[in-house]
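*Asks:* For reference, the chains in residue letters:
There are 2 protein chains.
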Amino acid sequence: MKIAVIGTGMVGQALAGRLAELGHNVTVGTRDIAVTMARTTPDGMGNPPYSAWAQAHPTVKLATFADAAAGAELIVNATPGNVAIAGLQAAGADNLTGKVIIDISNPLDFSQGFPPSLFVKDTDSLGEQIQAAFPQAKVVKSLNTLAAALMVNPTLLAGGDHSVFVSGNDPDAKKTVTALLESFGHTDVIDLGDITTARGTEMLLPIWLRLMGALNSGMFNFKIVR
Amino acid sequence: MKIAVIGTGMVGQALAGRLAELGHNVTVGTRDIAVTMARTTPDGMGNPPYSAWAQAHPTVKLATFADAAAGAELIVNATPGNVAIAGLQAAGADNLTGKVIIDISNPLDFSQGFPPSLFVKDTDSLGEQIQAAFPQAKVVKSLNTLAAALMVNPTLLAGGDHSVFVSGNDPDAKKTVTALLESFGHTDVIDLGDITTARGTEMLLPIWLRLMGALNSGMFNFKIVR
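Quick mapping for you: the protein sequence lines, in order, are chains W and A. Each step along the first sequence adds one to the number in the numbering used here, with nothing skipped, and position 2 is 2. Each step along the second sequence adds one to the number in the numbering used here, with nothing skipped, and position 40 is 1040.
Heads up, a few of these hints could be off.
Pulled from the structure, derived: some chain A residues nowhere near chain W, Cβ distances all over 12 Å [said to hold, decoys possible]: (1) Ala1020; (2) Thr1036; (3) Ala1056; (4) Ala1070; (5) Phe1119; (6) Leu1150; (7) His1162; (8) Thr1196; (9) Gly1218.
Cβ-Cβ distance ranges computed for the label pairs, FRET-style [as the list claims (entries may be wrong)]: (10) A:Thr1097 with W:Arg39: 56 to 64 Å; (11) A:Ala1158 with W:Pro135: 52 to 60 Å; (12) W:Asp188 with A:Asp1109: 37 to 45 Å; (13) W:Glu182 with A:Asp1032: 52 to 60 Å.
Keep in mind the hints are simulated off the structure, nothing from the lab. Think of the CB as a built atom: it goes at the ideal place given N, C-alpha and C, for glycine as much as any other residue.
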């Protein structure tokens, strides 16, 4: 599939790399190609700069948000939550029309330090805001509840015996995303319902962050035992 | 141990019954004994009235909030979140001083229908509000993330292979609660940290409620796979 990954950070790199490895035609979208490629230092989390990552992933192309989205059949939104809508607006609503958007972003507000709070929650969600901003796109919230490494390689932990969620209004879009998640190795993809159920997965972030502290590692995941 | 269970509903009955079964000296606290015993119809969730439950549990005593708390070494707060602080105030701050309070309540606001929203979240929690209201008590938030039947009999599901959490400021109080949870059959009690981590477990409720809808059952639980 022709896939655009919007965002050049840790999550974008994880998704782009894994999708390319699985044989998809992947273009990463960025606001400014020259700026992205000029960065030579790791980000605040210690992840390598995009240029270094790109050298190791020669089949993954880099393009502007708009060019990446225009050529894609499916869009992965891997931007930080606070710039998610702006990034998709830069990609262009016309370039998103009729397409599935896998929204991985979380509405984290780090303005008061750590742990972050959520800038939207409870009676609304970032997934819903993105769906409302791009009504012609088919937004499926997913993968926002686990570490990037596990999003794309779930078998790294307990042989993959844990859960992920999909939330969205379009049943076919959720089927497409579920198939993609299964190709990553996910074996328990739970359809929570329409896009309002993204409130639930986004509100998992506070306990995720506290668990990361308590366990001293991000290599864990929720399994819904039933 | 002499234990007061504050609240006569489904969660209070589950805790009181199980604690009595394990040999504890249990008193259930209620606002008005006569009113509680006069009820003859099931509650809104179909649970039997307290009087019917009490007949099946003759060793469990019923007393006012204050009398129950006064005679207890440990308090279980099993009231609905919207009346939690009022119930504990009625129990009397003096009767809570120095004691462990296991707070199971969730800040659910049903005023706009289903699903409920949370009346406190993200930058505060009901657990913290209770700790702030009763600074001489040792509040441990726990058990608020799973169905009442599983709180007290975790082995009913997958042999107990799933997780519960404790949040609180007092390490010894968390040890006491952890031992009690283990006596119920819990095998994975995760200490998230201080009482502010109750924000995380209380914010699990939205996905819990959506999962109950998606799975058509409340007999599930989170396991933290790591």
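*Asks:* Going through the numbered hints above, which ones does this structure break? Give me the numbers in ascending order.
*Replies:* 5, 6, 7, 8, 9, 11, 12
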